[in-house]
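The primary structure of each chain is shown beneath.
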Amino acid sequence: MGGLAVKHGILGILAGRPCHGYELKTEFDNLTAGLWELNVGQIYSTLERMVKDGLVESYADEGPGEDRKMYRVTQDGLKDLETWLSRPPLKARPLRDELYVRLGLLVEKDLAATLDLLDSQRRVYHLQMAELTRQKIGVVRAHGPDRVRREMMLDSALFHVEADLKWIENCEARLRALGGKEE
Amino acid sequence: MTEEIIRLERVVKEFRRGDTAVRAVDGVSLTIGRGEFVSIMGKSGSGKSTLLHLMSGLQQATQGSVRLLGRELSQLKDDDLTLLRRTHVGFIFQFFNLLPTLTALENVALPLLLAKVRTSVAEAKALELLKTVGLTSRAAHKPDELSGGQMQRVAIARALAGDPPLLFADEPTGNLDSASGEEILLLLKQMQIDRGQTIVMVTHDAKAAAYGDRLITMRDGRVLDDQLTGGMVG
Amino acid sequence: MTSLYARLARRYLAGKKGRSLMTLLGIALGVTMVVAVLLINNAILASYENLLSAAAGRADLQVSATTGFGFREEVLKAVAASPGVAAAVPVVRSGSPVVAGDRQAGATFYGIDAEQDQKVRDYRLTSGRLPTAVGETAISTELAGNLAVENGGKLSLLTTKGLKEFTVVGIFDAAGTVRGALGPFGVITLPAAQVAYGKEGRLDLIDVTVADGHAVEAVRDLLAGALDDQVRVGTPVERSKDMQRLLDSVIFLLTMAGAISLFAGAFIIYTNVSMSVAERQRDLSILRALGMKRGEVIGLVLTEAGLLGLLGALLGLVWGYGMATFMAGQMTDQFLTSYGVQTAAVTITLPTVAVALAVGVGAALFAAFGPARETVTVSPVDAMRPGDGPAAGAKRPGWGRVAAGLGLLLGSAVVLWLTWPDGSAMVSPLLLRAWGLLLVLMLLGVVVMLPALLTGLTRVIFRPFLTAIFGITGRLAADNLVRMPRRTAATICSLMVSLSFMVAMGGVEASQMSTFDAWYEKTIAWDMNVSSSFSGIGAQVEMDAAFVRELAQVEGVRLVSPQKMMRVIIGDGDQAFLQVFDFELLRQYSETMLEEGDWETAADLMEQGGHTIISPAIAARLKVGLGDSFTLPSPDGPVSVKVAAIMSDVTPYGGTISIDQQDYVKNWHDETATNVAVLVTPGATPEAVKERLMDRWGESMHLNIRLNREFWQELRAAYEGFYGLMDGLVWVAILVSGLAIANTLLASILERKREFGLLRAVGSRPSEVLRVVVGESLSIGIIGGLIGVAAGLGLQWCIGSSSQYINGATVRLVLDVTTIATAVGVALVLAPLAGLLPARWAARLDVVEALRYE
Ligand SMILES: Nc1ncnc2c1ncn2[C@@H]1O[C@H](COP(=O)(O)OP(=O)(O)OP(=O)(O)O)[C@@H](O)[C@H]1O
Ligand SMILES: [Mg+2]
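Residue numbers (my numbering), protein chains in the order written: chain A, 1 to 183; chain B, 1 to 234; chain C, 1 to 854.
Think of the hints as simulated: they come from the structure by calculation, not from any bench.
One should not assume that every hint holds.
What follows is a set of in silico ranges between Cβ atoms, one per label pair, in the way DEER data are often shown [as the list claims (entries may be wrong)]: (1) A/Gly104 to B/Arg23: 35 to 43 Å; (2) A/Ser86 to B/Leu228: 40 to 48 Å; (3) B/Gly18 to C/Arg11: 19 to 27 Å; (4) B/Asp220 to A/Ser86: 53 to 61 Å; (5) B/Arg23 to A/Gly41: 57 to 65 Å; (6) C/Arg11 to B/Arg222: 39 to 47 Å; (7) B/Leu228 to A/Gly41: 29 to 37 Å; (8) A/Leu175 to B/Arg222: 15 to 23 Å; (9) B/Gly18 to C/Ala354: 41 to 49 Å; (10) A/Ser45 to B/Ser178: 39 to 47 Å.
Even glycine gets a Cβ: it sits at the ideal position worked out from N, Cα and C.
This is chain A alone, in the form it adopts within the complex (with noise of 0.2 Å):
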C-alpha cells in the first residue's frame, strides 16, 4: 500500500540532492518521523521501476565502498513530482484494522474475551501514546532544524491513537451496559 507515495517520496528526496540506495531508507524515515518504515528491498524495487520509466538514472560514484551506485532525478522525473504534490487531495483514508476482524468475530460469541481484548488493546495503545510522546519531548528539548516537522508528524500519529483510544472506550461502554454489568 501507499505505493504512490513511497515513489514520490523518494523522487522528491532525490530532487533535494542525488543519493546512495541504502541512503534513502534513513532520509525516508526522516521524512516521516519514523512513521513509515520502508525495508530496503522496497526501496531498490521502486528505484528499478523508475529507472525503468526514466524517472531517476543511475551513474556509479568516485570513490571507494561496496555499493557506489548513485541515484538521481531526471526533467520527467521532476516533472512528475509537481504533477503529484499538486494533485486535488487524496482520498479518505481507508479504515482497515486487524482489530475489527477479531473484534468483529468474538463479539456476539464471548462477551468477557471481547473486553479482555479490548483492555489489553487500550495498554497497548497507551503504551504507544507515551513512547510518542516520548519521542516528541526529545524532538522539543533538542531544538533541532527539522522540529516543526516532526512534531506534525508526531502528532497526526498521537490524534490517531487517541482516536483509537476514544473509541476503546467507547466499545467498552457500549458492551458493558449490553452486558448489563459493571466490570
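Based on these hints, arrange chains B and C with the ligands on the given structure of chain A.
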C-alpha cells in the same frame, strides 16, 4: 523502583450524605517512588481527585493507611499536616487558583512567605522560578492580567517554590487549549527530568497522561490498571 | 413578568435563608428604632398637649398668670365683662398629696365653681354630685380606687397649713376625658382651694369660651389689651416654649438614635444585597443572555430587596411598638414626671405604619439599587466566565467622590459655624432641626469619601503595618479590606456612627455630671431640705412663714433658709424658672457657681436688693449682660432688677433667675416657701434632726425631708435615668454595627471561600487563615474607632457647648476617658470579635470543599 515516597494500603474513602454512603476510593494500595511521573486516569466520578487528596493529606482516609514521606497521615494533627504540605508538597489545580490581590511574583512567593522566609529571599527565589516557567516579564502583573496558560505557569512556579519533593496536579490542563496545555505538560516533564521531581497528575486526557511514565487507571474507586509506560512501543 | 420576578425572588430568598434572615434583621432593627422613636416622640408631644388642654375642656382661651403665683381675682370680672366672652370660668389648681386612712396618693386638685365649670367641662358622675361647700370634694374613679374611698367617705388634702379633711360627695368617671389622661384628680370648691393653697383672692386660670359670632383671635387680642401684664391670654394648646425646648432636645437625641440604627441597618442591607448580586452575577447574566433587559434584571433584584424590606418593616413595626411601650414607661418613671409630663398611651397610627413601610422598603430599595445597577453594567460574557472572587482594585472610587464628600463635610461645617449661637439668642427649634440635617449631611460626606480614603489609608498605613506584624497573612488582610471598598466603608460607617454616638453621649453625660457635681458641691450646702409633699409624686404645697419660724425653734437647728421656686413668664413671652433666696442667709452656708462675675460682690449686691443672678440662657433670651437691667412681672407690676452675676445652671428648664427674698416679699406679697434649707448645730447630726422634725410634723404636714446626700442621689438618679435610656439606645446601635461587621466579613469570606481553601492548600495553618480575617476586621475596627471617636468628640463639643442655648443647662465640657476607652475597646474588641465567628468558619473550611468549583 527507587526510594518510596508515597505508600497507600487498602485505602478507603467514604462520603456520607444522609444515610447513603459513597465509596469514592475503595481499597486502593499502591506505592510511588521518588522521581516518578504518575498519571491517573479514569472516568468522571471514578475517584481520581479523591485519591489525590488522600495522598496529599488534604483529606483523611476513612480506612487504611496513607504514608507520605514515611509519615502516617492519619496520625498527624491538622497543623502538622499543614506544615508537611507547606514544606513537602506542591499543588496545581485545574482552575489556576491564584490570589487575585497578589502579583504573579507574590503569588509564587506565597508559600515561602507563609513559611516565614525573608521577603527578599522569597522574592528572589520566586523570580528565578518565574524565569523557569518563562514569565519573568509578567512578574508584576496581577492574575487578571494574565492568560489562562500564564496563570497556570504561575501556579506551577508557586507549586515549586518550596522545593517540594512532591508535586500534585489535578487536571492542570483541563481548562487550557491544547497548545497551552502542552506547554504546561512539557514544563512538568522538565521538572521531572531536570530536577528529579516526583509528580502525580490526574487527567482526563490520554495525551496528557502520556507524559507520565506510569499510568494508573481508576474505575469506581478502584485501581483498574497500573501500567508502566516508560518502556518501548509494543 | 412581575410574577416571574416574584417567583425568582422568592426562590432565591428561600434558598439563602441565613442571608435573607440577616437582611431581614437589619431592616427590622432599623425600622424598630425608627418606629419606636416616632411613637415615643408622638406620645410625648401628645401627652404634653394633653397637659395643656386638660384643664381647658371646651375653653377657647385661657387666661393664666405670668408671675408664677396666680393673679388677682378681680381679673375674672374684667374678663367676664369683656365683649365676646360667653363664659369665664375661674380655676385654682395644685398638685396635692391626698391621704385616706392608711392610703396616700398624689393627685391634681382643682378649685372650681361647680355651676360655671360645667359650661366648659362635663363630669360623668357615677354617684353623688359636685362639691358646693367648703369641706366637700368630688374625685375621679381612679383616685377613689387608689385611696379606696367611696362616696360619703373622707379624705385629707395636704394644704399650706397641713392636712385638711374633706368629705367625698361625688365620684365621676374621668376615663376618656383630657383631664383623665393626666392621672387621678379631684375637685373642691374655689374658696376652699384658695384657702388650702394659700391663694386667697387669687386665681391660677380663667377658662374662657367665646360667644357665637365672635372670632377667637379677636377676643384674644381684646383681652390681652385690656388686662395688665400679670396675666397672659392664649389658646389652651399653645405650647410654652421652654417645655417645647426640653421636648425638642429629647426628641432630637431620640431621633438621632433612630437615624443611626437605621443607618447601620441600611448598611447591612447594602452588604447583603451586593453580596447576593455578586454571587448571582452569573445567573443574572444568563438571564440577560436569554433576553432579559437591563431594567428587568434591576427590577428582579429590587423586587427581592423590596420583599425583604416589606417583611422587615412589618417586623420592625411590631418590635418598635413593643420597644416604644417599654420606653414610654421608662421615660415617665425616670425623666418626664419631674416636668409634669406623663407620656400618653403609645398608639400606632396610619402615618406611623406608612412611615415604617416607607423606611423599610425605601432603605432596602435604596441600598439595593447600587448593586443592582452594577449587575447590568458588567457584560454578560464577563460575568459568565468562571472567575475568581472580586479582583483587587476593581472599580477604585475616584477623587470626584472624595471631593464631593469633603464638600459636604466642609459645607455642613461652615453652615454650622455660621449658625452657631453667639450668646445673644437661644437656638430655635427650627435651627435645631436644621442641625440634625447637617449632621446627616456630614455623615453622608463621610460615607461618600470613605471608600477612597480607605483605599489610601490601607496603602499607606494598614498594608505596611499589618505586613510588619503578621507577615503575608497581614498583607492579605489589608488587601482584602479594599477588595470591596464600598462595602467595607459601609461597615466602617455603621461602626463609626455607633461609636461616635456612644462617645458623644458618654461625653455629654460625663460633662453634665461633672458640671452637676461641681455645682452641687458648691451650691447645695444645706444639711437637709424640707418640703411639704410626697417624694416622687411631684406635687408640692407651699409652707407658710409661721411654720418656717417654728422649724427654726427645733432643737439642733442652727439656721433655716426658706426658698421659693416657681415658673414665671419673662420679657420674651416664655417661661423661666424663678428662685427666691435670702442671700444674707444663703451666703452663710453656700455659694452660687458663677459663669461670670464674682460671688462676694454679687452676694453683696443681692443683699442690697434690686439685683438678680441669671443663667446664660436668660442672658441670651433677654440679651442682657452683667450690670444690665430687665423687668420681672410681679403682682404689683413690673419689677426692675439688675444683673449681679451670671450663674451656671444645671436645670434644663430654659433658664433660671435668682432674686432676693426681700424683693420677692415686697413685690409678690407672699411669704410662703416651697422648701426650706436647714442647717444643724455643730453638735447635732442631720439624721437626728430629721427624725425630730418627722416626729413632730411628719403626719400633719406630710413633710418630705431630704438629707444633702439623699437629694444628690435623687438628682443623680434623674440624670442617670435619662442617660441610662440613651445608653440603651447606644448599645442597640453598637449591636447592630457588630452585626454589620460580622455580616460583611461573612459575605467577603463566602465570596472568597476558594481563596481561603487555596491558602490552606499551599500551607497556611488554620490559625493563619484566622489571622487574615481577624486582621481585616481589626482594621475595620481601627478605622471605625478612630473616626468614630473623633466625630464623637466633635459631636460632644457641639451638644455640650450649645446646650445652654437649647434648653438652658450649662455644661462644662470634660474629656470622658472612660467612654473613650470603652469606645476604643469596643472598636478593638467588638470588631475582631464580630470577625471571629466568620474567621473560625473560614479557618475550618474543608480545603477540598472550598476549592471545588460548582
Ligand atoms: N465531598 C463529597 N461528598 C460526597 N461525595 C463526594 C465528595 N467528593 C467526592 N464525592 C464522590 O466521590 C466520587 C469520586 O469523586 P472524585 O471527585 O474523586 O471523582 P473524579 O474522578 O475526580 O471525577 P472528575 O473527573 O469528574 O473530577 C464521586 O462519586 C463523587 O460524587
Ligand atoms: Mg476530579
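Tested hints:
1. A/Gly104 to B/Arg23: 35 to 43 Å: holds (37 Å)
2. A/Ser86 to B/Leu228: 40 to 48 Å: holds (47 Å)
3. B/Gly18 to C/Arg11: 19 to 27 Å: holds (23 Å)
4. B/Asp220 to A/Ser86: 53 to 61 Å: Check passed, 55 Å falls within 53 to 61 Å.
5. B/Arg23 to A/Gly41: 57 to 65 Å: Between arginine 23 of chain B and glycine 41 of chain A, where Cβ atoms are some 58 Å apart, the hint holds.
6. C/Arg11 to B/Arg222: 39 to 47 Å: holds (40 Å)
7. B/Leu228 to A/Gly41: 29 to 37 Å: holds (36 Å)
8. A/Leu175 to B/Arg222: 15 to 23 Å: Given range 15 to 23 Å: holds, Cβ gap about 19 Å.
9. B/Gly18 to C/Ala354: 41 to 49 Å: For alanine 354 of chain C against glycine 18 of chain B, whose Cβ atoms are near 48 Å apart, the range 41 to 49 Å holds.
10. A/Ser45 to B/Ser178: 39 to 47 Å: Between serine 45 of chain A and serine 178 of chain B, where Cβ atoms are some 41 Å apart, the hint holds.
In summary, the structure agrees with every hint in the numbered list given earlier.
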